[in-house]
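**Student:** Sequence:
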Amino acid sequence: MSNSPLVTYTNISKNKNSPRNHAIDTITIHCIVGQWTAKQGCDYFATTGRDCSANYVVGKDGSIGLSVDEKDRSWCSSNAANDHRAITIEVASDTTHPYAVTDKAYAALLDLVTDICKRNGIKQLLWKGDKSLIGQVDKQNMTVHRWFANKACPGDYLYNKHSEIAAEVNKRLGSGSGTSTPTTPSTPSTPSSGGLSAGTKLTLKNTPLYVSSTTKNKSSSKTGTFYVWSNEVVNGRIRITNKTSNVGVSGQVTGWIDVEDAQSSAGASGGTSAFTPYLVKVTTSVLNIRKGAGTNYGTNGSIRDMGTYTIVAEADGQGASKWGKLKSGAGWISLDYTKKV
Numbered sequence: 001m002s003n004s005p006l007v008t009y010t011n012i013s014k015n016k017n018s019p020r021n022h023a024i025d026t027i028t029i030h031c032i033v034g035q036w037t038a039k040q041g042c043d044y045f046a047t048t049g050r051d052c053s054a055n056y057v058v059g060k061d062g063s064i065g066l067s068v069d070e071k072d073r074s075w076c077s078s079n080a081a082n083d084h085r086a087i088t089i090e091v092a093s094d095t096t097h098p099y100a101v102t103d104k105a106y107a108a109l110l111d112l113v114t115d116i117c118k119r120n121g122i123k124q125l126l127w128k129g130d131k132s133l134i135g136q137v138d139k140q141n142m143t144v145h146r147w148f149a150n151k152a153c154p155g156d157y158l159y160n161k162h163s164e165i166a167a168e169v170n171k172r173l174g175s176g177s178g179t180s181t182p183t184t185p186s187t188p189s190t191p192s193s194g195g196l197s198a199g200t201k202l203t204l205k206n207t208p209l210y211v212s213s214t215t216k217n218k219s220s221s222k223t224g225t226f227y228v229w230s231n232e233v234v235n236g237r238i239r240i241t242n243k244t245s246n247v248g249v250s251g252q253v254t255g256w257i258d259v260e261d262a263q264s265s266a267g268a269s270g271g272t273s274a275f276t277p278y279l280v281k282v283t284t285s286v287l288n289i290r291k292g293a294g295t296n297y298g299t300n301g302s303i304r305d306m307g308t309y310t311i312v313a314e315a316d317g318q319g320a321s322k323w324g325k326l327k328s329g330a331g332w333i334s335l336d337y338t339k340k341v
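Number 341 marks the last residue of the sequence shown (the numbering used here); no jumps.
I should point out that these hints are in silico values taken from the structure, not numbers from a laboratory. Any given hint could be a false lead.
[Said to hold, decoys possible] DSS-like mimics (lysine-lysine), calculated; alpha carbons at most 27 Å apart, straight line:
(1) 281 <-> 291
(2) 39 <-> 71
(3) 118 <-> 327
(4) 139 <-> 123
(5) 14 <-> 151
(6) 327 <-> 340
(7) 139 <-> 71
(8) 128 <-> 118
(9) 205 <-> 104
(10) 216 <-> 151
Using the sequences plus the hints, can you model the full thing?
**Tutor:** Here is the structure:
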């Protein structure tokens, strides 16, 4: 059984069972509650007097560390059965709610999970957010620490990205989304979002705002113009942002509101503000994909095939007369170098 070739640092912890007693068929993502590098995380697990470890550590800088070989069971999830069948991954995060991770850490996490799936024959990641499906890997093969212990791990930031993680990894594996509510809408409305799409304009009036999908008490009330950040619905809530250029951009979520409040502030079925996707053909040999709508955002790669792509949102931003969000969720492109088809 091999380890990931993406590893940049190795320090094996003594906190493990060797070998594991179950084939690898599950992924469990944790937050380490500290903006550490992979080296700092692995060194901690190798020297701590606490009974804890993980197979991998993803650092704030995108570094990837090996703490427990994949052939062995780490002590990570407060549940032996889960850890014997899962690859456990600790990701560097903020130390306070919602325990956000850096863009570099998130990108490295996606690369690592994709590699783990490929090498271990996991053809598709499945996530439903359903604790009752633990061990039923044909229905759900991602688990979280909070299901086994009284902990917030992996924090609401990563927990609420599990659908997105599954969709992106499965896209790379060529196996579909693996979730019942895709992060990026393929049509202006979906049943799961009650007719709301990413970028839908909302006019809020004293609307309760929550810091997460699970928080019981509101953090504040919002009045004014906001936009649906993603059409993904979790526990009857949906994320919003305050600018069209922030739609779908990591770290630019204002908070969560109830779907019913979003529907009523946009109209019963999304109102006339719902965006209608359209096709464009790229007219330049190299077109950068940006993390947000503007050249002030970092790149997620580039388009080099001069092909045809679906735009699911538009926004104003630096460096172009108009930016378009790709249906794939890869990011934003300058529409100055495209032609509608």
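**Student:** If a hint holds in the structure, say so; if it doesn't, say that too.
**Tutor:** For each hint, the structure was consulted:
| no. | hint | result |
| --- | --- | --- |
| 1 | 281 <-> 291 | holds, 20 Å |
| 2 | 39 <-> 71 | holds, 21 Å |
| 3 | 118 <-> 327 | holds, 25 Å |
| 4 | 139 <-> 123 | holds, 13 Å |
| 5 | 14 <-> 151 | holds, 24 Å |
| 6 | 327 <-> 340 | holds, 15 Å |
| 7 | 139 <-> 71 | holds, 24 Å |
| 8 | 128 <-> 118 | holds, 21 Å |
| 9 | 205 <-> 104 | violated, 36 Å |
| 10 | 216 <-> 151 | holds, 17 Å |
The structure fails to meet hint 9 from the earlier list, while all remaining hints are met.
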